[in-house]
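Q: If you're matching them up, the sequences are chains A and B in order. Under this note's numbering, the first residue of the first sequence carries the number 46, and numbering increases by one thereafter. Under this note's numbering, the first residue of the second sequence carries the number 26, and numbering increases by one thereafter.
There could be a bad hint or two in this list.
[As the list claims (entries may be wrong)] Here are the simulated lysine-lysine pairs, DSSO-like style, with alpha carbons at most 30 Å apart:
no., chain 1, residue 1, chain 2, residue 2
1, B, K334, A, K176
2, A, K266, B, K387
3, B, K405, B, K536
4, B, K405, A, K176
[Unchecked claim] Sample of chain A residues lacking proximity to chain B, with all beta carbon distances greater than 12 Å (derived):
no., residue
5, A87
6, H149
7, M150
8, E219
9, I240
10, S263
11, T295
12, I362
These are calculated hints, taken from the structure and not from any lab test. Glycine included, C-beta positions come from ideal geometry on N, C-alpha and C.
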Amino acid sequence: MTTTAQQSTEPLAARPAQRLSAIARRTLQEYGLVLVLVVLVAVVAIRQPSFVEGQSLLNLLEQWAPVGIMAVAGTYVIISGGFDFSVGGIFALATVCFAGFAGHMSVGLAFVAALGVGLVLGLVNGVVITKLRVNPFIATLAMGQIAHGIGLVYTDGTPFIVERDSFAAFGLTEIGPFVIPSVVMILAFLIGGFILSRTTYGRSIYAIGGNREAARLSGIKVNRRLITAYAISGLAAALAGTFMASRLGTGQADASAGIEFDVIIAIVLGGTAISGGIGTMWRTAVGLGLLAVMQNGFDSLQINPFYQVVIKGAVLIIAVAWDEYTRQRHNTTTPTTPPQPHTTPNPPTQTTP
Amino acid sequence: MSFVTSESMVGGPAAGLPPAVLVEDVVKTYPGTQALKGVSLSVPPGEFRALVGENGSGKSTLVGILGGKTVADPGGRVEVFGRALVQGNPSSAAHAGVAVIHQELLMVPQLSAMENVFLGDLPTRGPVVSRRQMRREYRRLAGRAGIDVPPDALAGGLSVAQQTMLEILRALRRDARLVVMDEPTVTLGVAEREKLYEIVAGMRRDGVTFVLVSHDLDEVMRLADAVTVFREGSLVRTAPTAEWTKERLVSAMLGDKRAGAVAAGGAFGRVSRALADPGTNMSGGGGPSPSRGGRAPLLRVRDVRAGAKVRVDRLEVAAGEIVGLAGLVGSGRSSLLRAIAGDFPRASGRMELEAVEVSWPKSVSAALDLGIALLPEDRKNRGLVLDMAADDNVTLSDFAAVARGGVLSRGRSRARAGELLASVEFRGTLGGAVRTLSGGNQQKVMVAKWLHRAPRVLLIDEPTRGIDIGAKQDIMRVLEELAARGHAIVWVSSELEEVIAVSHRVLIIAKGRCVEELRGQEMTLDRVLAGVFEADIDRHPDPTTSPAP
Numbered sequence: 046m047t048t049t050a051q052q053s054t055e056p057l058a059a060r061p062a063q064r065l066s067a068i069a070r071r072t073l074q075e076y077g078l079v080l081v082l083v084v085l086v087a088v089v090a091i092r093q094p095s096f097v098e099g100q101s102l103l104n105l106l107e108q109w110a111p112v113g114i115m116a117v118a119g120t121y122v123i124i125s126g127g128f129d130f131s132v133g134g135i136f137a138l139a140t141v142c143f144a145g146f147a148g149h150m151s152v153g154l155a156f157v158a159a160l161g162v163g164l165v166l167g168l169v170n171g172v173v174i175t176k177l178r179v180n181p182f183i184a185t186l187a188m189g190q191i192a193h194g195i196g197l198v199y200t201d202g203t204p205f206i207v208e209r210d211s212f213a214a215f216g217l218t219e220i221g222p223f224v225i226p227s228v229v230m231i232l233a234f235l236i237g238g239f240i241l242s243r244t245t246y247g248r249s250i251y252a253i254g255g256n257r258e259a260a261r262l263s264g265i266k267v268n269r270r271l272i273t274a275y276a277i278s279g280l281a282a283a284l285a286g287t288f289m290a291s292r293l294g295t296g297q298a299d300a301s302a303g304i305e306f307d308v309i310i311a312i313v314l315g316g317t318a319i320s321g322g323i324g325t326m327w328r329t330a331v332g333l334g335l336l337a338v339m340q341n342g343f344d345s346l347q348i349n350p351f352y353q354v355v356i357k358g359a360v361l362i363i364a365v366a367w368d369e370y371t372r373q374r375h376n377t378t379t380p381t382t383p384p385q386p387h388t389t390p391n392p393p394t395q396t397t398p
Numbered sequence: 026m027s028f029v030t031s032e033s034m035v036g037g038p039a040a041g042l043p044p045a046v047l048v049e050d051v052v053k054t055y056p057g058t059q060a061l062k063g064v065s066l067s068v069p070p071g072e073f074r075a076l077v078g079e080n081g082s083g084k085s086t087l088v089g090i091l092g093g094k095t096v097a098d099p100g101g102r103v104e105v106f107g108r109a110l111v112q113g114n115p116s117s118a119a120h121a122g123v124a125v126i127h128q129e130l131l132m133v134p135q136l137s138a139m140e141n142v143f144l145g146d147l148p149t150r151g152p153v154v155s156r157r158q159m160r161r162e163y164r165r166l167a168g169r170a171g172i173d174v175p176p177d178a179l180a181g182g183l184s185v186a187q188q189t190m191l192e193i194l195r196a197l198r199r200d201a202r203l204v205v206m207d208e209p210t211v212t213l214g215v216a217e218r219e220k221l222y223e224i225v226a227g228m229r230r231d232g233v234t235f236v237l238v239s240h241d242l243d244e245v246m247r248l249a250d251a252v253t254v255f256r257e258g259s260l261v262r263t264a265p266t267a268e269w270t271k272e273r274l275v276s277a278m279l280g281d282k283r284a285g286a287v288a289a290g291g292a293f294g295r296v297s298r299a300l301a302d303p304g305t306n307m308s309g310g311g312g313p314s315p316s317r318g319g320r321a322p323l324l325r326v327r328d329v330r331a332g333a334k335v336r337v338d339r340l341e342v343a344a345g346e347i348v349g350l351a352g353l354v355g356s357g358r359s360s361l362l363r364a365i366a367g368d369f370p371r372a373s374g375r376m377e378l379e380a381v382e383v384s385w386p387k388s389v390s391a392a393l394d395l396g397i398a399l400l401p402e403d404r405k406n407r408g409l410v411l412d413m414a415a416d417d418n419v420t421l422s423d424f425a426a427v428a429r430g431g432v433l434s435r436g437r438s439r440a441r442a443g444e445l446l447a448s449v450e451f452r453g454t455l456g457g458a459v460r461t462l463s464g465g466n467q468q469k470v471m472v473a474k475w476l477h478r479a480p481r482v483l484l485i486d487e488p489t490r491g492i493d494i495g496a497k498q499d500i501m502r503v504l505e506e507l508a509a510r511g512h513a514i515v516w517v518s519s520e521l522e523e524v525i526a527v528s529h530r531v532l533i534i535a536k537g538r539c540v541e542e543l544r545g546q547e548m549t550l551d552r553v554l555a556g557v558f559e560a561d562i563d564r565h566p567d568p569t570t571s572p573a574p
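Start from the sequences and build out the full structure, keeping to the hints where you can.
A: Right, dumping it as structure tokens:
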């Protein structure tokens, strides 16, 4: 037992070639996703060099900013072991609220009010899931429907059109080469990543997703943390919605239908485990990158857009299956029978972010 | 292959019939330990045989082999009614007429009582399940056994006793000729036990053979025709029940460990002060125990009620004191700890900390705020975040202490965890996921986790289960150090020798009550075992004079 670590490392040290291959394997496992992204970009760039030109990349960033902002918050929810399917509905409702409120009040106030709606719905999600113990999938699926429905009632089915410049300014003002939504998304990834990996809040989220019972017995206020995560997710969806409304100049109750799928695909493609406890923010960013390149790159390669949808689904299944496969491989090496000695040499291959 | 030993001939085989159970030279090795060291026994058809022994003596392994759940090492022989048993194949065991009733009942809670009985072999007409036929057959079986569980009740809503009855119906349905029961009555009330005994008696009249594993020696003495005692993976002795007394059974289970244990208890135990009369201690919690050094105990709880079972009138522990709880599995030891730690729903009681009455903790975090922490028994499911690194698991108990303004300092976190882990003699890697650590190292991570938060009272449940001997000694040393640093410790272990060696006082828990308190020289293995098994050995003035077989 005392020698487990040495046993596993010594033979490796003795054979540098083997050690090197072990490191290579681990690196591939950890950063293979980045490699996939690079290869994909390279393939598209060779066939269509304009794809990697500055303006085209900036457009890509702007186009994917709403999904990115929601994916940052969604990463928290999924690492905590939960699920947020309501972001699509809240997103659409926020476009409606922002556009609708902007007709009665200042744009700034309308913006804050729209965010408030998202925050409240997110809070309700959190309370329903933790206090009423409704399964997160069902609770947020229902909340998505409710939000969508409220939007339909509010607009009576016809989009609100806003023609004030200050309304459009939210989404179109440029800071340096970037528009505001892109800047917000980049900041969200940076700050969100920092909070997730470096703060007490972030680490509690990992602990809750990894083992809720252990987290509770360690004195972590599990419900409070979870409610916060869902509230932030609702807020992020509303923020993304206001940017979308501003960019298009409309608020529409069925705006970007199905956007919640893109959010979840980005997170899961990045390797965040749907069972919770595992994942990092940079991986979500890479997952988002993959998704964006798949969609837009395939456009520029003139692949039939209907095929793209099929490919997106297939890639998602492959990504999750691959993840499960690698995870199972080291779980089965952990001893499970009751009288447990320490004879299983088990090199720590899994690094916690 | 050796010949059948004389043990296996006790009771004599019924004329012309092969024995119901024939086990020869069976060895079962788990990595690092031998659960069965060449056991041979035979049970004649129609007999009621009880298997007794301490935890880990090998009885349950044998039950597993008979039920087709466990595969013995190659070389031995296992026969049921004269036919070799295909090992590791539960359905083959069932086919051979063996029904095993495990302690953990195998019920599908969402299905009806009736469907659970016929599970896996539903009566059909063509391809369609015939509920009418099922109901008719259920009524017939239930009538025969005298069981009155309504056929359409959902199994999940039934009491444990009723579910046990369903297991018996399952055995009847399959015409089981050999019924193996592993601790069937631990969770049953008195009336329910009587009902079960009645049903068993009825089945015996039909010629069913029984093998019973039980810690309840009263039950064993009452039901069994013959008793086999196991100790450390070997069979000690089989004899007709008439030749046994409870005292002799305990002595046989204990073997030569008793002498050493007495010494260990004396060496570690505190100097006993004016001992309370054991007679008064017998009544639920005993009289007021003098606190150490005249100080009020750090923690005092009274009138603890948890679930239907736990009724503990009084428990106290002083700073620097280690109190051990000894009891059988299912006696309520763990529930008591969980209740005090705010981890048992709707538990109640009164609590004093340093003689100041505080409100009973309703949640784990409320208990932690009072400075009371629980180290749960189930490391993997309740104790650790398996995919997190060791250092993160340690600081989990109080992230704020290694953070500034909510931002964790990785350096401080590593340093703090490293220091604490070193102090508990942790020997694994700090950075890797704790999933990959040995059981002993995982346990040390859990202890270090609570050193980090440093609660005043530590409630520790089975810290030494499933870890190797070296790690066990480390853990016990750490417990003593913790006490020396002023923590108050209440802990549970099924290894009674450990409890005696490390604790300053031992409370005996049986059937949810605290039945006896032992301190100083009273803490001998004999007395603890006697208390735990509710045998009467302590009536004998000198334990060494109790008759040994």
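Q: Assess, step by step, whether the Cα of K334 (chain B) is no farther than 30 Å from the Cα of K176 (chain A), and give holds or violated.
A: holds, 28 Å
Q: Verify that the Cβ of I362 (chain A) lies farther than 12 Å from every Cβ atom of chain B, and report whether the claim holds or is violated.
A: Correct as stated: the minimum Cβ-Cβ distance to chain B is 23 Å, above 12 Å.
Q: Hey, K405 (chain B) versus K176 (chain A), does the alpha-carbon distance stay inside 30 Å?
A: holds, 25 Å
Q: With 12 Å as the threshold, tell me whether E219 (chain A) passes as away from chain B on beta-carbon distances.
A: holds, 32 Å
Q: Next pair to validate is K405 (chain B) with K536 (chain B); report whether the Cα-Cα distance is within 30 Å.
A: Holds - the C-alpha atoms of K536 (chain B) and K405 (chain B) are around 27 Å apart, at most 30 Å.
Q: Holds or violated: is the Cβ of T295 (chain A) farther than 12 Å from all Cβ atoms of chain B?
A: Its Cβ never comes within 12 Å of chain B, the nearest being 39 Å, so this holds.
Q: Beyond 12 Å on every Cβ pair: is that true for I240 (chain A) relative to chain B?
A: violated, 8 Å
Q: K266 (chain A) and K387 (chain B) were given as a pair; does the straight-line alpha-carbon distance stay at or below 30 Å?
A: Distance ~14 Å between K266 (chain A) and K387 (chain B) Cα, so the pair holds.
Q: Using Cβ atoms and 12 Å as the threshold, tell me whether A87 (chain A) really stays out of contact range of chain B.
A: holds, 33 Å
Q: Does the claim that S263 (chain A) lies outside the interface with chain B hold up, using a Cβ gap greater than 12 Å?
A: violated, 5 Å
Q: Compute the least Cβ-Cβ separation between H149 (chain A) and chain B, then decide whether it is above 12 Å.
A: holds, 38 Å
Q: With d taken as the least Cβ-Cβ distance between M150 (chain A) and chain B, does d exceed 12 Å?
A: Non-interface label on M150 (chain A) holds, nearest chain B Cβ at 34 Å vs cutoff 12 Å.
When held up to the earlier numbered hints, the structure conflicts with 9 and 10 and fits the remainder.
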